[in-house]
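Here is how the chains run, residue by residue.
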Amino acid sequence: MTRDDSRLDEITRKLDDRTPLTLADGVWLYGYPDLCALGSLANRVRERLHGDRTYFNINFHINATNVCHADCKFCSFARLQPGMPQAYTMSIDQIRDKLIERRGQAVTEIHIVNGLHPDLPWEYYLDTLRVLKAERPEIHLKAYTAVEIHDFAIRYGRSYEQVLRELIDAGLGSLPGGGAEIFAERVRHKICRDKATGDQWLDVHRQAHRLGLRTNCTMLYGTIETLEERVDHMLRLRALQAETGGFQTFIPLSFHPDGNDLGKLPPPTGMDDLRTYAVARLMLDNVAHIKAYWVMLGIKTAQIAQSFGADDIDGTVQEEKIYHMAGADTPQALSRVDLVRLIREAGRRAIERDTLYNVLWEDDGGALAGVRLDASVPHWAAARRHLPIVESPEPLGPGGVA
Amino acid sequence: MNSQTPALRVLGVSFLNARPLVAPLRTDPPLGPDGTALFTVDEALPSVCAQALADGRCDIALVPVATLLDHPEWEVVPDIAIACRGAVQTVVVAAERPLAELSRILLDDASRSSALLLRVLLAAQGLTPTLEVVPHGEGAARVGQGVGALVIGDAAFGLAERFSHSVDLGALWFHTTGLPMVFAVWAARPGCLRPEHLEALLAAKNLGLRRIEEYARQYAREHAGTTTSLPESDYATYLRRAIRYGLDAYEREGLVEYLSRASSLLQRPEGDDTAHVRFADAGYAPLRAAVATGTASPVSVGQILDRARRGERLGLREGLLLYDEADLLELGAVADLRRAALHPEGIVSYIVDRNVNYTNVCTARCKFCNFYTPPGGPNGYVLSREILAEKFRETEALGGIQILLQGGLNPELGLAWYEELFRWTKANFSLRLHALSPTEVIHLANLEDLTIREVLIRLRAAGMDSLPGGGAELLHDEIRNRISPFKNTTDEWLEVMRQAHMLGMKTTCTMVFGFQETGDHILTHFDRLRALQDESLLRDNGGCFTAFITWPFQADGTRLKLRDDTSAWRYLRLQALARLYLDNIPNIQVSWPTLGAEVGEVGLRFGANDFGSVMIEENVVSQAGAHFMLTAEQIEHHIRQAGFRPARRNMQYELLTDTPVAPSGAKA
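Residue numbers (this note's numbering), protein chains in the order written: chain X, 26 to 427; chain D, 30 to 697.
In isolation and in its complexed conformation, chain X is listed as follows (with noise of 0.2 Å):
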């Protein structure tokens, strides 16, 4: 076996100097055998950002819809029309009820994504935020996706500027990362071609951080594309992130075959989730976080990937249903100290953030709403407690939150 460690130090020394990796680099990091060396050069940078911290907020998901017009291969959630068998629209007073089930919880994020309803009227998407915002007007509404505020402009007859000012007015706070998949045209051709392009999904975002959202940028990866059109796809991110510096997470998001029609590709792998998210953290060195979303990686994998570069592993979640449909074998829900204790073991420190990542609470390493955590606290993760940041992360381009 022969290890190419003249371009590893090359690419350790650029990482030093700061000087941004290139495509071709992205490629060979992929390549490299030596999974645990990537892992180590993901993590210096991520250290040298974070830290030892590791993010997680508290949140829930609605999927106010899975009626969609869009047939996108690698989808299980979508039923394309309304009276298929599965197929559900909930109106705004459940959606409501949806919140007041949570009376009392300290939620701080509501996570809203749609399948592409042919019928529903615009009013229905901003009643959804008005009267989430009128419930709980102190919970961030993090909602619709590039793809769904793209679809609303060409049904309802609007400009993105204007789809997104008036959502703003309902209450929207930041768009979430989905319908990115991968940008190359020739992976976009096969599984998705009835939805936005990838020029498009970029659009949205770059006129949603010209607004002041903030937004966050995700890739699906595992289906049809080359580790090329992958590294690619961060290329376009990076590039707009340089323009606009509006995303704050980048998000991988690994392909699960049951339940739609690329089902005879092989389910996602371990060693390939977790060279994804370190070269993600080598090739992004323009966006802070990177988020292993442990409902779509599973508990295990998403502590693993604490170390190959993520700082990030979503919130409490709450009956998600995209990735379920899926195939995806994680709980519907984790109680923050289910979190805090799978980020202790992860050998971090626990940072509850809001959805702009202001801190709102740190791990002191001490129990926990009653529950004894000592037991669980490793050795090794006390002893790596505060690692100093020696590096903020790229100051957040112009805008800003309104």
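Bear in mind the hints are in silico, worked out from the structure with no lab data behind them.
Computed from a prediction, not measured in an experiment: that's the story for all the values here.
Glycine included, each C-beta is placed from N, C-alpha and C at the ideal position.
Please note that a few of the clues may not be correct.
According to the in silico footprint, chain D covers these stretches of chain X (three or more CB under 8 Å from chain D) [unchecked claim]:
id	stretch
1	61-71
2	297-311
3	327-333
If we take Cβ atoms under 7 Å as the criterion, some of the chain D residues that face chain X in the derived model are [said to hold, decoys possible]:
id	residue
4	361
5	662
6	666
Knowing the structure of chain X, use the given hints to seat chain D on it.
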């Protein structure tokens, strides 16, 4: 501050059978490290001892085991008991009629254990005489028509000859359960026992056992001319033969059987499995010594990893430092290098076999297990030949070459049952038998009153090829006493493996973590495996450990309510550390059934070189929350994803060239 600790107040029992345990504490008072006496010693009747311990009037007492039901907090001293296997002579129902014809039995107030034992045995026979408690020693005089008396202790000597229908309860218990009866143990107030106390009590016992003739002579002199006097040689024989002073796996089985039956008789709230015994710590001397020795070896993690990278052997202190401080990825990178050095061909092997659990009936009642049913419990099974034949045929049809055969400690299944099963398997199938963990072998040796070596020789002659390494859990008695107090000890487990290796057999070894163990426990486990492997390899007869496998404890549905770090993150760290420390065990297997294929795949870059088994069937961890299934094609896909070539193997880790590798499902 005066660091001198006060002597612990010991209360022994005044009976003859307790003398070997108690007398040496008086005649040769053990001293602590600071030169002061460790104990002050007094004696009383067994029931008084228990009460005094409960009231805090003493720190350590020789207590009847039934009192453990009321005092689960007491710490029991390991390796010491007053027990019997069969007739005991000093726990006797004296009667002039058979047991079944007695309408009334007088109980002795000196020991609740014996009274409870009688009730358990009466219940087993469906007998319901009236029971009446009388003062110690008074019962025998009141035996009459239809009235028997339970006589215990020295008062029972010679009793059998004076009554026409005496029943020895030790013998009746053995006849009923096939197990030893434990009458008394040293119990202590929680937190007061230190290692020197345990060592002193054990040393006193060893001294006492060498003085049995002396105690017998003494006792005969004291009782010359009384009604209970016997020749001196009878007392010596009693102490030597009837009473057993050890508390090994077999006695522990007997103890839990007694506590379970007693508990259900007393209708304790949770029914059958309320038997809890806390054994006091038994430390690992080499580790304490290693920690105590100065700073002769390298002290930085980096230096230790450099040594490991060069393939040098790590010491206990170095292992501990890595456990405490080494980074996951540093450990992984060095473990990956060591894996590559040991297996440079870039192949990751796996085996196609089937896990068959022939019975779920088990006496060990381990708290971490969700598979077993106690004897006589509902849902107990023993697989029939028809079912086994079907499973074996399926295994062959699926390309399987081996059966991993394990089961519970079922008192109904003797050695002959296994011998017939193995012979039948070999006569009808071309499957290897990777069969019976050390725990099962010990159980068979006890059941048949054979040595471990004899059992292994007979099983091997019947067709057993190799031994799986299950039942090791954590090879540190401090942990074992907490999670599986009734199962074999560390030494017993290792002894089975030693004997198997001496016979030239190959075995595997395992470690389960997540029992709130510390680095000391983990390193002790590694160190003991490595030391035994050194010993076995020196013999050069082919007998050795072929592989090490570790996995996290699966807690669902088990009675072990502790919470510990069982994360995949810790798993990878421990496996990598194992690759560095266990330098003489050639193969490390990932445990995908407990962790999932994704982590299993990643584990191949953290020291492992084997993907385990296709496992056509698995019943034990899947009962406790592990639900993963993989086909050979999927296993090979994961092996390729990790950058290796897959190959099938047998238990000896020889690669099989005549079996086709499954079609590649890997993507580019």
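Evaluation of the provided hints:
no.	hint	result
1	61-71	holds (count 5)
2	297-311	holds (count 3)
3	327-333	holds (count 4)
4	361	holds, 4 Å
5	662	violated, 9 Å
6	666	holds, 6 Å
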